[in-house]
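A.B. asks: Got two chains here, separate frames each, mind docking them using the hints?
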Amino acid sequence: MSEIRNYTMNFGPQHPAAHGVLRLILELDGETVVRADPHIGLLHRATEKLAESKPYNQTIGYLDRLDYMSMMCNEHAYVRAIEQLLGIELPPRAQYIRTMFDELTRFSNHLLWIASCGLDLGAMSMFMYAFREREMVMDMYEAVSGARMHAGYYRPGGVYRDLPEQMTRYEETPWTKGKDLKRRNEWREGSLLDFIEAFARDVPSKIDIYETLLTENRIWKQRTVNIGVVSPERAMQMGFSGVMLRGSGIEWDLRKKQPYAMYDQVDFDVPVGVNGDCYDRYLVRVEEMRQSAGIILQCVDWLRENPGHVMLKNFKIAPPTREEMKDDMEALIHHFKLFTEGYCVPAGETYAAVEAPKGEFGCYLVSDGANKPFRLHFRAPGFAHLSGMDEMTQGHMLADAVAIISTLDLVFGEVDR
Amino acid sequence: MSDTLKSVAELFVNRFGDSVTVGSTQSGIVSLDIAVEHWLEVCRALRDEEDFSYGQLTDLCGVDYLGYGQSEWETEHASSGGFSRGVDSLGPGRFDWADRPEADQVEQRFGVVAHLLSFRHNKRLRIQCFAPDEGMPIVPSLVEIWNSANWYEREAFDLFGIVFEGHPDLRRILTDYGFTGHPFRKDFPLIGNVAVRYDSRKKRVVYEPVEIESRVLVPRVLRSDSRYNTDDVDLAVEVPAAPEQAESGEAN
Chain S
21 MSEIRNYTMN FGPQHPAAHG VLRLILELDG ETVVRADPHI GLLHRATEKL
71 AESKPYNQTI GYLDRLDYMS MMCNEHAYVR AIEQLLGIEL PPRAQYIRTM
121 FDELTRFSNH LLWIASCGLD LGAMSMFMYA FREREMVMDM YEAVSGARMH
171 AGYYRPGGVY RDLPEQMTRY EETPWTKGKD LKRRNEWREG SLLDFIEAFA
221 RDVPSKIDIY ETLLTENRIW KQRTVNIGVV SPERAMQMGF SGVMLRGSGI
271 EWDLRKKQPY AMYDQVDFDV PVGVNGDCYD RYLVRVEEMR QSAGIILQCV
321 DWLRENPGHV MLKNFKIAPP TREEMKDDME ALIHHFKLFT EGYCVPAGET
371 YAAVEAPKGE FGCYLVSDGA NKPFRLHFRA PGFAHLSGMD EMTQGHMLAD
421 AVAIISTLDL VFGEVDR
Chain C
2 MSDTLKSVAE LFVNRFGDSV TVGSTQSGIV SLDIAVEHWL EVCRALRDEE
52 DFSYGQLTDL CGVDYLGYGQ SEWETEHASS GGFSRGVDSL GPGRFDWADR
102 PEADQVEQRF GVVAHLLSFR HNKRLRIQCF APDEGMPIVP SLVEIWNSAN
152 WYEREAFDLF GIVFEGHPDL RRILTDYGFT GHPFRKDFPL IGNVAVRYDS
202 RKKRVVYEPV EIESRVLVPR VLRSDSRYNT DDVDLAVEVP AAPEQAESGE
252 AN
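Line by line, the protein sequences are chains S and C.
First residue of the first sequence? That's 21 in my numbering, and the numbers climb one at a time after it.
First residue of the second sequence? That's 2 in my numbering, and the numbers climb one at a time after it.
Here chain C stands alone, though its shape is the one from the complex (with noise of 0.2 Å):
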């Protein structure tokens, strides 16, 4: 298995070369980051060329890396007193939309996750991208190469803020007519803004703010176990100078 995705992630870094990474390649799926100037590019060659014609966009997300990999559950000494139990975290569900805290500038936050099927080669792709600026995350739209990303598009806009250059349409899509925030933010309260009730006096449906307290059953805890090996293969790839069209295809 590993080897099959060893000569696949070659056939990645031969044909493109600077413009993509290849992360990890758990369960069997290669994951290609993709330098977000090269996002159109990239992808229209890995529809259209032999050798990945990915024709289909089956999903896209986005990912919001806010707060990666931070536990709330730090036990930091233990005495004859007891254990110390700092849960220190601002998590989704531990504020309410007024003391919403305010972002800490985090290189890399929003990412757009898309995954490729190839019908004729029965593989998949999981292509990754990251916004540039982290206050007016901006991504082309690959609606132009797979028509299916038009409301993946719509609801990466709608849940993350995230904006996509070049796409016909983009509209807010699940949240409510008038909604303010992109609630899939991890600086977006988990109880939410506003709540919607019908107005039996007034005779009409009213907005009002959320009255229900935000509250954490589990914190969120990171523990490591030995028995993970998390080693992803090894992809280290040499990259030949000049790559030619014969060299990849012979990879394939």
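Only chain S is shown next, with the shape it has when bound in the complex (with noise of 0.2 Å):
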């Protein structure tokens, strides 16, 4: 009889269930995995070492390119620990924005997930629609601040210019005329305020229709019940955070537990899972878009009723208007220095976090009091829910173990940073 001997494969860096860039070695015992070792880094970009020699407001596009899936949430991370050092209160306009495109963010994050996983998984058909309504977030990023992904539209002090009074239209080509014109201009007649509640209006719905897809989908659950379950101590332990966490039953949320920006005026319920399993990790992000959506309708609500500043008017932190520049030596001054030199934080350290649509998303920042950061750590949600990667796929199938990369939300982005 031969001799039997575990076989040890490599999967990825360039597997279409890899999400990006993950290098998997795994020792298989037939079909069932012995032991997972992820090697990572293969998009590190050493966005730490980078912000240490720019000054503070240049490292924000580079934060839009950690956790690609949600731009803005890092920025706001970012923006929190720089104003936390500063010590700058913001107009409430602005954190009303911010909240708002934060949810926005949570939203197209939690679509795209959807859609890669079910593509893993062989629901192939969730990809058009998840992509379909993600592209109208697009739409609002890019009305906003002029990119559709890596918007750059967070700054300390506030965001970087109001919400249009117009929203983006669809112009006449031959292939779009007439009716069909018509119909996909019907929300954008008004403002972005007004594309932004007839989305949130009309998404409930949308959801409904991945949920009949896929919540009592046969095959749907085979592929995830009781596949990677996560004990909430383990989880605990494991550093997991976000969904991860409240997947196994961890009633946990930073939004609600150490609120940011105005996500103590808004009401929303924070869904917690039973079973800590991949099916569970689902349920609980589906539920979290039917809440972003109600909290971005409540922050409509209230943007329309409260004109106001969205920046602070502070010119050693954030640049004076065009106009005033030209008339106004002290403006012309403040705006010269602010774009060569910068601002400079006082020294001292701080940590800001926030509930990242994959996780706690951290920003460590210390300052000596230049115009750069002294050292800056950020918290990658998915480095910490990769590592405990090997601890989840034990035992399961091979096949499982796509599942598993899956339900981590990971974006290597952030985890190579």
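Hints in this document: simulated from the structure, not taken from any laboratory.
Check before you lean on any hint, since a few could be wrong.
Unchecked claim - The calculated lysine-lysine pairs, modelled on DSS-like cross-linking and capped at a C-alpha distance of 27 Å, are:
1. S/K276 x C/K124
2. S/K336 x S/K357
3. S/K226 x S/K241
4. C/K7 x S/K276
5. S/K277 x C/K7
6. S/K226 x S/K202
7. S/K336 x S/K346
8. S/K226 x S/K199
9. S/K346 x S/K357
10. S/K277 x C/K204
11. S/K357 x S/K333
12. S/K357 x S/K74
C.D. replies: Put into structure tokens, the structure is as follows:
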């Protein structure tokens, strides 16, 4: 009888189910995973070191490229850290805009997650449905910042500019005209807020469609129920956060427990799972999308009623307007100093965390009083989740490893930084 | 706020005495400096004891304090001819691999900073310790206490060269296979060391020394600003001669 040995297999880094550039060394006993050793760092760009060589504001663009599926939430953690060290208070309108865009970001992140997770587990059509809605969130990003994804919209002291009065519209082309054009522009006749409101009112019905496809689907349940079970104690020990923690039954959401921006002013519920398996994490994410829609509507209502500044009126930190610079010497000097040298942040250290769609995204900032950070460290949720991968996959089949990678909701921009 | 922080700080000093010093309390997080020889025992107490119960280590990272507080742009004199523009610095953006400087022997150069979270008390805590030897920084590993420290310590080892004693699997994690040096140290050039490309004639990937020139667009400037009062909350806590369990319970 021949000797039976475990089989070591290389998974990725170029693999559609690896969600980017994950290289996984799997030790297999037949089709059962004995050990999983993720090799990461293929997307390592030393963002933290680059930030040490740049004035504070020039790093905001890099933040979008960390977790490139939840851009504005990353920016939020970073600008909050700077604001804490500077000790500045934001105008409430800026806080509400941030809350609203954080939730829109959560929405688009979960949409992408449900799309790619569906794709991994064989529900191909989810991709088409989810991307249809996600495209609208991208349009909102574009309307407000000019960029579909890498917005660079949050700034220390507020947000870059106020919400536009006119939502962008489709123009007539030989392919889109007449009734078709009218249908596509139906929500876009008014302001951006009108568009967001129409979207948020409509979207629960879209989530119903996703749920019809997946929630009671026999194949979906076979692939996710009792797969990758994490007990609450282990979830805590392994540094899990966000949905990975709530899916295991720990009711912990920074938006409730340590509120930031305007989360203490809006009403929402925190869904919590029971079994800690992939299916529970799916349910939690779907319910979070519904809650996000509710938060977005509350923010829209407030923003309609309360016009005002969206940026701190402090020229030492935020630049003056173009008009002010034309006839005010001081404003011109401030502008020049801000864009050549930046501002100095008082010495000290701080840690600012936000409840990003994937979990706790934290920013540890050490300043020595210079115009550049001395040390910047990002606590990426995906990094901790992936480190628990080995434990979660042990004893599962190879195909289940794919389901587990999927529900970890990994994006390698933030894992590798 | 400051009162609560002070009572929290008092709690630590009462319990741990000399082995910890309370550092900054900016933005509501107490920062504890722990002597490296007490690192493990204090951490175990922080996890297990009722008053603390920090169940999760959310984050751990290394910090290289080389060049802390150094400015690159000092105007030493101003005359009718102009200002002195002396950029005199060896920041990571101003040298390449071949001319990297010999690092000065700095006391307390490598720090390990961790952020703890207590789900029960909804509190965060920052703990920090310094490696005793700058040439070969060694710090005990926290993996046994909080499993999440595993990859964070691997990262700190990879990027800063801090060795974690007792770590089960201390390998590089983010950098390339066969990488030399520890890239986040302040004496490692910003432009890096080697560049990788595919050579179509050799039909394989080749490693070459980087060709880009190091440059700094905005010099590092420190300006004191009287608007910011950086004075911390007053944390002078009197240490009782013989701290008792009951007392620390009251302080909570």
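A.B. asks: Are the hints correct? Go through all of them and say.
C.D. replies: Right, here's what the structure says about each hint:
no.	hint	in the structure
1	S/K276 x C/K124	holds, 14 Å
2	S/K336 x S/K357	holds, 9 Å
3	S/K226 x S/K241	holds, 21 Å
4	C/K7 x S/K276	holds, 25 Å
5	S/K277 x C/K7	holds, 21 Å
6	S/K226 x S/K202	holds, 21 Å
7	S/K336 x S/K346	holds, 18 Å
8	S/K226 x S/K199	holds, 23 Å
9	S/K346 x S/K357	holds, 16 Å
10	S/K277 x C/K204	violated, 56 Å
11	S/K357 x S/K333	holds, 16 Å
12	S/K357 x S/K74	holds, 15 Å
Hint 10 from the list above is the single one not met by this structure.
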